Amino acid sequence: MDPILEVRDLQTHFFTADGVVRAVDGVSFDVYEEEIVGIVGESGAGKSVAAKSIMRLVEDPGSIVGGEVRFKGETIVSFEEDENGERTESEEMLSNREMRERIRGREIAIIFQDPMESLNPVFTVGGQLREFIEINRDVGESRARETAVDMLREVGIPEPSERFGDYPHEFSGGMRQRVLIAMALACEPSLVIADEPTTALDVTVEGQILEQVADLQEKYGTSFIWVTHDMGVVAEICDRVNVMYLGQMAERADVDSLFHDTKHPYTDALLDSLPRPDQTVEELKPIVGVMPEAINPPPGCRFHTRCPDAREVCRRTNPEPRDVSGPDERTHRAACLKHEEVFKVDYSASAPIENETSAGFDVGRTSTDTGAVDADGGVHGSRGGADE
Amino acid sequence: MGIYRYTFNRLLQAIPVMLGVVTITFVMANAIPGDPVQIMLGPSPSQTEIEAIRSRYGLNKPLWVRYINYVAGVLTGDFGRSIFYGEPVTTKIAQRMGPTMLLMTSSYAFAILTAIPLGVISAKRRNKPTDHASRFVSLIGVSTPSFWIGLMFILVFSFHFQVLPSTNLIMPWADPVEVRNAATRVDVLVLSARHLVMPMISLGTLQMAALTRIERSSMLEVLSEDYVQLARAYGVKESAILRKHAFRNAQLPIITILGLQLTGLIGGAVLIETVFQINGMGKLIVNSIFRQDYPLIMGTTIMFGAVFVIGVILTDLSYAYIDPRVTYDEVD
Ligand SMILES: Nc1ncnc2c1ncn2[C@@H]1O[C@H](COP(=O)(O)OP(=O)(O)OP(=O)(O)O)[C@@H](O)[C@H]1O
Ligand code: SF4
Ligand SMILES: [Mg+2]
Numbered sequence: 114m115d116p117i118l119e120v121r122d123l124q125t126h127f128f129t130a131d132g133v134v135r136a137v138d139g140v141s142f143d144v145y146e147e148e149i150v151g152i153v154g155e156s157g158a159g160k161s162v163a164a165k166s167i168m169r170l171v172e173d174p175g176s177i178v179g180g181e182v183r184f185k186g187e188t189i190v191s192f193e194e195d196e197n198g199e200r201t202e203s204e205e206m207l208s209n210r211e212m213r214e215r216i217r218g219r220e221i222a223i224i225f226q227d228p229m230e231s232l233n234p235v236f237t238v239g240g241q242l243r244e245f246i247e248i249n250r251d252v253g254e255s256r257a258r259e260t261a262v263d264m265l266r267e268v269g270i271p272e273p274s275e276r277f278g279d280y281p282h283e284f285s286g287g288m289r290q291r292v293l294i295a296m297a298l299a300c301e302p303s304l305v306i307a308d309e310p311t312t313a314l315d316v317t318v319e320g321q322i323l324e325q326v327a328d329l330q331e332k333y334g335t336s337f338i339w340v341t342h343d344m345g346v347v348a349e350i351c352d353r354v355n356v357m358y359l360g361q362m363a364e365r366a367d368v369d370s371l372f373h374d375t376k377h378p379y380t381d382a383l384l385d386s387l388p389r390p391d392q393t394v395e396e397l398k399p400i401v402g403v404m405p406e407a408i409n410p411p412p413g414c415r416f417h418t419r420c421p422d423a424r425e426v427c428r429r430t431n432p433e434p435r436d437v438s439g440p441d442e443r444t445h446r447a448a449c450l451k452h453e454e455v456f457k458v459d460y461s462a463s464a465p466i467e468n469e470t471s472a473g474f475d476v477g478r479t480s481t482d483t484g485a486v487d488a489d490g491g492v493h494g495s496r497g498g499a500d501e
Numbered sequence: 076m077g078i079y080r081y082t083f084n085r086l087l088q089a090i091p092v093m094l095g096v097v098t099i100t101f102v103m104a105n106a107i108p109g110d111p112v113q114i115m116l117g118p119s120p121s122q123t124e125i126e127a128i129r130s131r132y133g134l135n136k137p138l139w140v141r142y143i144n145y146v147a148g149v150l151t152g153d154f155g156r157s158i159f160y161g162e163p164v165t166t167k168i169a170q171r172m173g174p175t176m177l178l179m180t181s182s183y184a185f186a187i188l189t190a191i192p193l194g195v196i197s198a199k200r201r202n203k204p205t206d207h208a209s210r211f212v213s214l215i216g217v218s219t220p221s222f223w224i225g226l227m228f229i230l231v232f233s234f235h236f237q238v239l240p241s242t243n244l245i246m247p248w249a250d251p252v253e254v255r256n257a258a259t260r261v262d263v264l265v266l267s268a269r270h271l272v273m274p275m276i277s278l279g280t281l282q283m284a285a286l287t288r289i290e291r292s293s294m295l296e297v298l299s300e301d302y303v304q305l306a307r308a309y310g311v312k313e314s315a316i317l318r319k320h321a322f323r324n325a326q327l328p329i330i331t332i333l334g335l336q337l338t339g340l341i342g343g344a345v346l347i348e349t350v351f352q353i354n355g356m357g358k359l360i361v362n363s364i365f366r367q368d369y370p371l372i373m374g375t376t377i378m379f380g381a382v383f384v385i386g387v388i389l390t391d392l393s394y395a396y397i398d399p400r401v402t403y404d405e406v407d
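Heads up: the protein sequence lines correspond to chains L and W, in order. Number 410 in my numbering belongs to position 297 of the first sequence; there are no gaps in the numbering. Number 371 in my numbering belongs to position 296 of the second sequence; there are no gaps in the numbering.
One thing to keep in mind: the hints can contain errors.
Which chain L residues face chain W? A few, computed with CB under 10 Å, are given here [to be verified]:
1) Asp173
2) Ala222
3) Met229
4) Phe236
5) Glu244
6) Pro281
7) Phe284
No wet-lab data here; the hints were simulated from the structure. Source: prediction; values computed, not measured. Backbone N, C-alpha and C define an ideal beta-carbon position, used for all residues, glycine too.
Please put together the full structure from these sequences, using the hints given.
Right, dumping it as structure tokens:
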């Protein structure tokens, strides 16, 4: 079966006064029908930018500069290269008007990160819902209103017909988030992109909403891209996961494989930082150091400044995710040179390097000796250099 | 709380404010050096004449008695008599209020009706030629004094081309019989418009320029809000986003500014009425100051104070009307 959404080597950059921010820098993933795909990563990894890029909603100073996005046979993003290597947007790309009329809301709906800012404060909640339903389902006002009320009921808003005429400020954060979920589902898209929709909520409400979404997903058969930085949420609702680090994909696998047969040190670190019932707080291991800036990413493997397994070769080669699946696994990809046989590099012969992790747990988080790594950054291969 | 209760409460609250205005005006008017009676009677009047006038206007009583009398009078709607005209101050104000209100409201209308579209277009075509042009016009607008614009208009359109009248205003509701060169209502309206256009633009340009910039930045801010992006993400047309999803939110700062700019408009009206020889409140206040016509100075100043207070109340009312987050309860 073909995926409904294919993202290939997507690149979205922001051209700021300080330089080019490579927020999304070569990301690929697929979404199949009726599945929930997770995108996980730390704050700043580029998750939201990737999500907006899929709908071509990136705004100045950002723009999509490369890659492909295909959705159900339509081309949302595509580039052509001329002899000089100049990239131009390809002709087959949907026009802005087609995006608006055929894709946005109708086929792909998005739920933004911040429920408090996502609803227009001067219009009623019901009015906003009704308008989007009218636009995307070609129904009249009264039919749209009925649908809106039904959907509000389904996402767990009590007395939906009374609340219909209320303004956003009369709803709590959790209720607004439900409204946004209702909005997305009411337009009956094939794909919903949910950008950390539950992060701003407390755990109880988050749990309720996740459960309801899982039910609704089953009922309507909608596919989801679920963006989060929380591995716990991933475990709860996702079928497959993409782990993002600094604008690139680190690992991609089915949820079970990812958790039980982790193949990338960054995923390991993320999982170690996750509280588990069998652990005390002291045993929690936060990921050492902070993620570097996307404006000036480290050469080689982007994770090498914080990776406990980093070796010399990691400084020079930036691995793209490759198939490292075991015998009875669905595709499991990882972008890590540790998998020597797949990447054809001499990882084990390479000398371990010192980075933030080497100094040990406590010191490492405060130490500033990372300079030793950066100072040497001059020698590095280009991305995907492992191919040769 | 309903809008009527709210308005009523706001009006109640305005009473102490107005009392303050009355007090300050009274003190200031009496602090002006010089003797109005002397000015009235010309050089070397007889002592009995002076005494007669003084007692007629109550000027022979101590200041605090005059103050109490004055406040008591104001409360019953009696602002005293103009020393110069000899008529009740209220009569004078009633005669002169029309032209000033016409001038101020039309200038506001001119400013709003030009600034809002201009600001929206500037925001939409940010950093494109249209935006630069509008920025240039605004810059000139805020840095040119209104009386200078008025004088230039007179020079060009009244003296040079002789297409527009340079003095006076004609009320659009004036009786055709009493208006020169007018036989019908339509004549009056046309005449009124021809008289109004230059003073209106002179007075409104500053507001227009300032509002354009505010509208632009406010619109830009709203256009970058998540809820606007969400509308876009749900396939709302760009025109509908400008017209509906962003527009209403962007007007909130404009309303606040409009209320505050009322003082500037009142000050400007005084100048413009002088430039265009309009017999309105502005000219009345200026002349009464020259003539040290205390009752008239106080009456006109208090009137302008009342206009400002009402303007602020209207601002708050429309704010609450546009923004559902602002309720009518907040005043208690
Ligand atoms: N408008 C912008 N201008 C410049 N840089 C931007 C802009 N928007 C995002 N970025 C940069 O792009 C990178 C990725 O941002 P993004 O919002 O996608 O992160 P995220 O993974 O969604 O993080 P979070 O979990 O905090 O939401 C960051 O380095 C951010 O600074
Ligand atoms: S390639 Fe090297 S630095 Fe990167 S994740 Fe693997 S071991 Fe760590
Ligand atoms: Mg985000």
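Hint-by-hint comparison with the structure:
1. Asp173: holds, 9 Å
2. Ala222: holds, 7 Å
3. Met229: holds, 9 Å
4. Phe236: holds, 8 Å
5. Glu244: holds, 7 Å
6. Pro281: Holds: closest Cβ of chain W sits about 9 Å from L:Pro281, inside 10 Å.
7. Phe284: L:Phe284 check fails; min Cβ-Cβ to chain W is 12 Å, beyond 10 Å.
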